[in-house]
Structure formats: structure tokens, C-alpha cells
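Enquirer: Top line first, the protein sequences correspond to chains C and W.
If you count the first sequence from 1, position 51 lands on 53 in the working numbering, and the numbers rise without skipping.
If you count the second sequence from 1, position 194 lands on 202 in the working numbering, and the numbers rise without skipping.
Take the hints with a grain of salt, since some may be wrong.
Think about it this way: if two alpha-carbon atoms lie no more than 30 Å apart in a straight line, the pair counts; the simulated BS3-like pairs of lysine-lysine are [unchecked claim]:
#  : chain 1 : residue 1 : chain 2 : residue 2
1  : W       : 378       : C       : 119
2  : C       : 155       : W       : 41
3  : C       : 157       : W       : 171
4  : C       : 119       : W       : 398
5  : W       : 107       : C       : 155
6  : W       : 238       : C       : 157
7  : W       : 227       : C       : 173
8  : C       : 157       : W       : 165
9  : C       : 174       : W       : 398
10 : W       : 378       : C       : 38
11 : W       : 378       : C       : 155
12 : C       : 155       : W       : 369
13 : C       : 173       : W       : 171
Everything labelled a hint here was simulated from the structure, so no lab data went into it.
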Amino acid sequence: MTVKWILHWTPTQGSVVNSQILNEISQCVESFNAVKDGRWKATLTFYRPNLRDPTIPSEFPRDFLGISLLEQPNKYYFIIRGNKIILEADSTILTIMEKLQSYKSKVALNFEGVQYKMGDFQMKVVKVVPNQGESLRGILIEIEYLPISSIEKAKPIMEEFLELWREVMSKKSLPGHFSQAEPHFAEYKLPDNYTSQHTAIQYAAALAQLIASAQLRG
Amino acid sequence: MQQSQQAPPHSTSTPPPAPPSSTGGSAAEAPPKQVALAMDKLGEAERIIADIRIGADRVLEALFVAASQPHHGTKPLQLFLKEDACMRRYLQDLRSLGKELEESGVLSESVRSRKDFWGLHMPLVCPDGAMVAYAWKRQLAGQAGASAVDRTRLALKAFTDQKRRFFPHLDYGLETNESALKKRCGSVESTVDPKEESSFLKILPDVLKSVEKEVPNLKISTFERLDWLKRASTLTSSTNENSLEHNYPGSNKLRLGSLGNVAAEKIAVIEMLVPSTFRVVIALHPAGSTDPDAVAFFAPEESGSYVHARGFSVHHVFRHITDYAATALQYFLGNQVEASLYCLLHWICSYQTLFSRPCSKCSRLLAADKQSAFLLPPVLRPYWQFSLSKILSTISSKDHTSDITPAYHVGCFSEEL
Chain C
3 MTVKWILHWT PTQGSVVNSQ ILNEISQCVE SFNAVKDGRW KATLTFYRPN LRDPTIPSEF
63 PRDFLGISLL EQPNKYYFII RGNKIILEAD STILTIMEKL QSYKSKVALN FEGVQYKMGD
123 FQMKVVKVVP NQGESLRGIL IEIEYLPISS IEKAKPIMEE FLELWREVMS KKSLPGHFSQ
183 AEPHFAEYKL PDNYTSQHTA IQYAAALAQL IASAQLRG
Chain W
9 MQQSQQAPPH STSTPPPAPP SSTGGSAAEA PPKQVALAMD KLGEAERIIA DIRIGADRVL
69 EALFVAASQP HHGTKPLQLF LKEDACMRRY LQDLRSLGKE LEESGVLSES VRSRKDFWGL
129 HMPLVCPDGA MVAYAWKRQL AGQAGASAVD RTRLALKAFT DQKRRFFPHL DYGLETNESA
189 LKKRCGSVES TVDPKEESSF LKILPDVLKS VEKEVPNLKI STFERLDWLK RASTLTSSTN
249 ENSLEHNYPG SNKLRLGSLG NVAAEKIAVI EMLVPSTFRV VIALHPAGST DPDAVAFFAP
309 EESGSYVHAR GFSVHHVFRH ITDYAATALQ YFLGNQVEAS LYCLLHWICS YQTLFSRPCS
369 KCSRLLAADK QSAFLLPPVL RPYWQFSLSK ILSTISSKDH TSDITPAYHV GCFSEEL
């Protein structure tokens, strides 16, 4: 799989994320001579253990995420961020979970993205919306360089692309900036070759950052 | 383009010395005369075939007349007999003419590869019916499936081969477009290296082994022509292949070629893999020789029937490099004749730093291509710096950890000159 970098939008103190910022960001992407290439979707679900007896101290992990990606329709990814565990399962695991009723879905979020193609690069502008609702909770961008599949090898190219991206963004002087949440792939014991598991981890990390910064702003 | 079937002008050929008596057959006449005779015979064959066509019409007409006027006696019958005799005569003539053409080597398939001592082939009738006077024109006409670029390449190669053989006293390799390049690179590469150093270049496996030794992190595999097509559809990145081989000890057969497995004289395709960076496919012509014919760059993950020496990658960066490599290949074939494959392989290895070395002109890694405005890394590495002497001296100085080949973006390079 080709290497992707996922960055999340952090609005500056006192400002919010709204669709106007989303439009400006999309315009920046299009200034790279990009061509719209289709839509993309992913979902992220927070699971909470379904405790029969609330008095028993729970040994269950607190943040247990489930992610589904459009490019892997037959797979479902479970992540426990605290213990740095990722599991790639068949998508039929959801029926098993439903039957077992051991975990309940606490919060579900949708990632809806528009994909752009510019030569050997691809970008997605992704908005984070709750499963039931349309309010914009966050903005992510995904940068992909198609010829390379090794994370190490892609680093110099991706860093330079990011520089160019930041230059273009700075001209717009929007209230906020993009940053990359450190994915810590090695701690998840993932190899250098990029896979959908890496994508799932990046989305989980980005979302955690989004939530943390939203909580900071109150 | 020679369209006429007349004898080619005799002024082009120098008066030939006495032919050696070893080659048999009708080698008593000079090749242009042989060609002219063959062309005459083919013209005659055409005329006979036209006569046969008309004769067939007449036979049918005679039959029709005989059928419609049965009471006119024996006249229609005699007409029919006359036409029948004519037809049989024409067919007999055609048969004998065909035998003559076969004997002189024009029509028979097996003789096509036999070259007479001048290196000129007899005029040939191609499978699609076209008739060409000289072999290099046959290559132009016969390769209907190849692209125009391939045809030109093949014609150039065949022409150069024949020129080398027929005019050995001429200094080959100094094509007009290459002489400009020579002036540009300053020092003249006219001295030939001592024989001991370049002797390993004659044999293909030796060339490949030495390049593998000199360039770390590189994997070279060799294939017969058809084997490559099978492999191309099942390509994966190198790490996946390695894990396959470890898990299934019997799967070594899957790797159809590695340096030791393919007979040296059958090697037609060389694959070079720099893990996580690129895969290069080189075609050799003829098989087993050290003459590269085509080269193409791909990403290591690309797989499919389009991955071959004349194919193009889906990625823009590798497409640009493949185009540039075609120019480099022609340069190496023209200027580094004995070591063209060796220099080409080393030049290809300079692309290991494709995604990490910034441009020597603008010091950046990515620059927008002028035509498409897409961002590309520096895809140009000057090939005229790769001569046999320079490569050998770099290797002997044990300095190959710091590869100093400069790299340029397409835009930065043209400004440089």
C-alpha cells in the first residue's frame, strides 16, 4: 500500500471549525492542480464494556475503538490505544459482537472525505461528523505519495510536500493550523511497509488529538 | 523509402572483393545483383498470379457459355480446354518460380536467419504479404505490433549492426547527435581501457555478478523472454517475496530466474530491484548478449502484463525516468560500445537516491513539472558521466558509500545548460 500521512486541523483559541474553513482548505488543495477523484468514507466507534454488575471493578480497557475503512470493505480494525494494540479482523466480527453484547457502542463518528489527485500525489479533505447529525466536528487531511510503500523512504518527500502545503495554507491566513499526531507505529509492532492498519492507527491518533484540543477549549 | 522494384543503385556499394568460397549456393554474383534478380522474380510471380486470376475468370466464362448454349457443338468445349491448358501452364510456372525463390533464400523461413557473408539478407516476403528488399526494412515492415519508437530503435540497431559489419573501417558510434554530447562533457572518451579490466564485460553473467557485488542493496534476476511475462503478472514487493520463500521451502521454483538458474545464452530480460525504491526491466537483444535493447522503470509494487522493458509505469516519476533512460541507453550503445550494459546498470543504480537526494541546482526534493504542474523529485541523472574508466576508478577507490552523482529536476536541468 502507498504511504499516507494524516493531519488534523487545530483551530486557534477562540475560533471554531466551520464549513467556510473547509472550503478554504479545499481551495488550497485545488491550487495544486488537483483533480477531484471521488468520495471516501470511514467510520470510528468508541466501545464501552457492557458491565452486568457495575460494582465489579472493570478490567476492561477504557478507550477501545473500532474503525472501518472504505478501501478495506471486508475488514474491521480494533485499537486499544493505551496498550498499543491493533487487531485487523474480518468485518463479520460485528455480528459476533452484537450477539455477544459484551460491548456497547458509546459514540460513533463518520469520516467523509473528498479525494483529489495531483500527479503522483493524492490528497483527501476529510470532515468529521457524528453518526447522527451533520455538525462539523473536525477537519482532517490525508496526503499520499503513490510510488512509495515504505514509510522510511517516503519521509523526505512527504516532509517537503508538507512544507509546500503549509506555504500555500499560510497565504490564506486561516485561524488554525494542521498538525500530525505522532502515530508510534513501532510501538504497535507494525512493519515499515504501509498497510491499512497504519491508516487506522493514524485516524485514531488524529481523533484523540482532536478530542483533546476540543476539551481544552471547553 | 524504397518503393520501386527496380535494381537498387549500384553506386552505393563499394566494389566488393572476391567472395570466399565457403558459403554455398549462388554466391557468384554481388549482393545487389542478387537482390535485383530476386526482386525481378518476385515481380514475375506477381504477374503470373494476375494471369491466373484472369485465367480463372475465363474458365468460368467458358463454362457459362457451354452451359447456356449446349447445342453449339464442340466449340465451348474447346474453349474450355484451351483455358484449362493455360491455367495449368501458369500454375506450373508459378511452382517452378517458387522453387527458385526458395532456393535463393527469399521465401524460406529457415533461411531468414542465415546471413550471407556480406551481412545483407535477401529480400523477404513478410507474413502479411508485404515485400521488402532489405532486412532492416523487413524489421520496419514486419513489426506491425510494435510502436513507432520501437521500430525506429530496431531499425537503428539493425542498420548499425550492418554498417559495422559492412564498413568496419568507419569509426562507428559517432552519430551526429552524440558528437554534440561529447563536446559538452569536455574530456574525450577516446582511449580504450586495458584489456584485462574490460574482459569481464564480454560475458553476461560476469557483468551482472560484478554489478551486484559493487552495488549493495541491489537484486538482479534474469529471465528468458516468455518467463518474464509470466512473472510480471505476479510481482509483489520484495519483502513479501522473501517471506513466501521462508515459509514454503518448496517454493523456490516460483522465482523463475536468479543469476544461476537461467542458461546464459537464453537470458533476454534482466530485472533489477532496489527494495522500496524501484524495479527496472531491461531487455537484451539478442538473448544472451550484453547489448541492452530497452529499459523501463517501475515502482516495486507494480505488477501486471504492462511491466516489461517497453512498458510504462502508472507513476509520473517513473514515466519521466523511463523516457530519459531511452536517451541514456542510446548514448551508452553509441559511446560505450563494449561496456554499454555495464555503464547502463551503474547509471540505473545511481537512482537509488531518487527519493532522498535533492536537486543539485535548487537543493529541493520536489519541484513542479513545467508541463503538468505535478510535483516530481529530481529525475535526471547525467548519463555522460558514466564511462567505464570512471566507474572502475570510483569502485577501486572504495568510495561507493557516498554516491556523488548529481541529480536534477527536469526544469532545473535545461536551465543548467
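Enquirer: Could you tell me which of the numbered hints above are not met by this structure, giving the numbers in increasing order?
Expert: 2, 3, 4, 5, 6, 7, 8, 9, 13
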